[in-house]
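Below, each chain spelled out in residue letters.
2 protein chains.
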Amino acid sequence: MATATLNEAAATDKSAILALLEGMSRAHYNKDAAAIEAVYMQGAAIFNLAPPLTHHGINRQEKQAWLDSWDGPVEIESRDFDVTVSGDFAFCHGFMRMEGKKKGADRRVNFWMRETLCLHREGPGWKIVHEHTSVPFYMDDSVRPAFDLKP
Amino acid sequence: MATATLNEAAATDKSAILALLEGMSRAHYNKDAAAIEAVYMQGAAIFNLAPPLTHHGINRQEKQAWLDSWDGPVEIESRDFDVTVSGDFAFCHGFMRMEGKKKGADRRVNFWMRETLCLHREGPGWKIVHEHTSVPFYMDDSVRPAFDLKP
Numbered sequence: 001m002a003t004a005t006l007n008e009a010a011a012t013d014k015s016a017i018l019a020l021l022e023g024m025s026r027a028h029y030n031k032d033a034a035a036i037e038a039v040y041m042q043g044a045a046i047f048n049l050a051p052p053l054t055h056h057g058i059n060r061q062e063k064q065a066w067l068d069s070w071d072g073p074v075e076i077e078s079r080d081f082d083v084t085v086s087g088d089f090a091f092c093h094g095f096m097r098m099e100g101k102k103k104g105a106d107r108r109v110n111f112w113m114r115e116t117l118c119l120h121r122e123g124p125g126w127k128i129v130h131e132h133t134s135v136p137f138y139m140d141d142s143v144r145p146a147f148d149l150k151p
Numbered sequence: 001m002a003t004a005t006l007n008e009a010a011a012t013d014k015s016a017i018l019a020l021l022e023g024m025s026r027a028h029y030n031k032d033a034a035a036i037e038a039v040y041m042q043g044a045a046i047f048n049l050a051p052p053l054t055h056h057g058i059n060r061q062e063k064q065a066w067l068d069s070w071d072g073p074v075e076i077e078s079r080d081f082d083v084t085v086s087g088d089f090a091f092c093h094g095f096m097r098m099e100g101k102k103k104g105a106d107r108r109v110n111f112w113m114r115e116t117l118c119l120h121r122e123g124p125g126w127k128i129v130h131e132h133t134s135v136p137f138y139m140d141d142s143v144r145p146a147f148d149l150k151p
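As given, the protein sequences belong to chains C and V, one line each in that order. Residues in the first sequence are numbered consecutively from 1, following the numbering used here. Residues in the second sequence are numbered consecutively from 1, following the numbering used here.
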């Protein structure tokens, strides 16, 4: 392929991956576990905010139960995502702000987390083969997750 | 290239990346900040255990000061790393156990963390362009980092 065509293909891939991120946000807002499950490869290695160290793929029932544990939508805002595509693999990293109110909770949570995704091209689209989501933690005497940071 | 040659090249790349991980462990053990800095691309996006959300590249002086804040070696054991190479990019993820004793601390720390690396081929070797290190946290009433998990 000529360089211009290669650049166009790379731009299309990057747009598709950013669209996947938007789709994940929309699926959280709509509490649609099936739509979330659809973008993950079966058995994907998922390093989540909550234990254990790793989850293997999305369990749709568990994800739906988690989504339903929130009062109203789960809002996710993506920022500063940097996408690298190489052949049939890609990775990206950036920040996500998560906001919502757990059923029975006194107040809303609203914090920024770090997000890394590794993806594999599958058919016309992309699927997540690895996800790493985290917040750092303060290492002073209190040793607590840092929910007050901003990108 | 023939498939056999491609497979050999992929195996060599994977070995090189696993050797990079071993080199990082050795550099921590030896408290050699320069050797750590050498495997990172300048300005690499580093999501570390400690705030802020992201660091940009390794600051050798800060890294050396951190290494010197430990009494004896900083031990890092890698486990279950899965490496994917595609052209001049690669990513890998697995677990690292960190053990050591901070100067002035009453006891040793010893815990498992999750590690994701994205790499770029540079010359004959590889450099880290993105690193994400974390521990999950318990979401019960205590909301504390989970230092007691094992892979």
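Among the hints, a few may not be true.
No distinction is drawn between identical chains; accordingly, a pair holds when it is met within one copy or between any pair of copies.
Derived EDC-like pairs (lysine to aspartate or glutamate); straight-line CA-CA distance at most 16 Å [said to hold, decoys possible]:
| id | residue 1 | residue 2 |
| --- | --- | --- |
| 1 | K150 | E62 |
| 2 | K127 | D71 |
| 3 | K31 | E99 |
| 4 | K102 | D140 |
| 5 | K103 | E22 |
| 6 | K31 | D71 |
| 7 | K127 | D88 |
| 8 | K103 | D140 |
| 9 | K14 | E122 |
| 10 | K103 | E122 |
| 11 | K14 | E37 |
| 12 | K14 | E99 |
No lab work stands behind these hints, which were simulated from the structure alone. Quick caveat, the model's predicted, so the values are computed rather than measured.
Here is what the structure says about each hint:
no. : hint        : verdict
1   : K150 x E62  : neither (29 Å within a copy, 22 Å between copies)
2   : K127 x D71  : neither (29 Å within a copy, 44 Å between copies)
3   : K31 x E99   : within (13 Å within a copy, 40 Å between copies)
4   : K102 x D140 : between (28 Å within a copy, 13 Å between copies)
5   : K103 x E22  : neither (25 Å within a copy, 46 Å between copies)
6   : K31 x D71   : within (11 Å within a copy, 49 Å between copies)
7   : K127 x D88  : within (10 Å within a copy, 20 Å between copies)
8   : K103 x D140 : between (31 Å within a copy, 14 Å between copies)
9   : K14 x E122  : within (15 Å within a copy, 23 Å between copies)
10  : K103 x E122 : neither (37 Å within a copy, 50 Å between copies)
11  : K14 x E37   : neither (21 Å within a copy, 29 Å between copies)
12  : K14 x E99   : neither (26 Å within a copy, 39 Å between copies)
Hints 1, 2, 5, 10, 11 and 12 from the earlier list are contradicted by this structure; the remaining hints agree with it.
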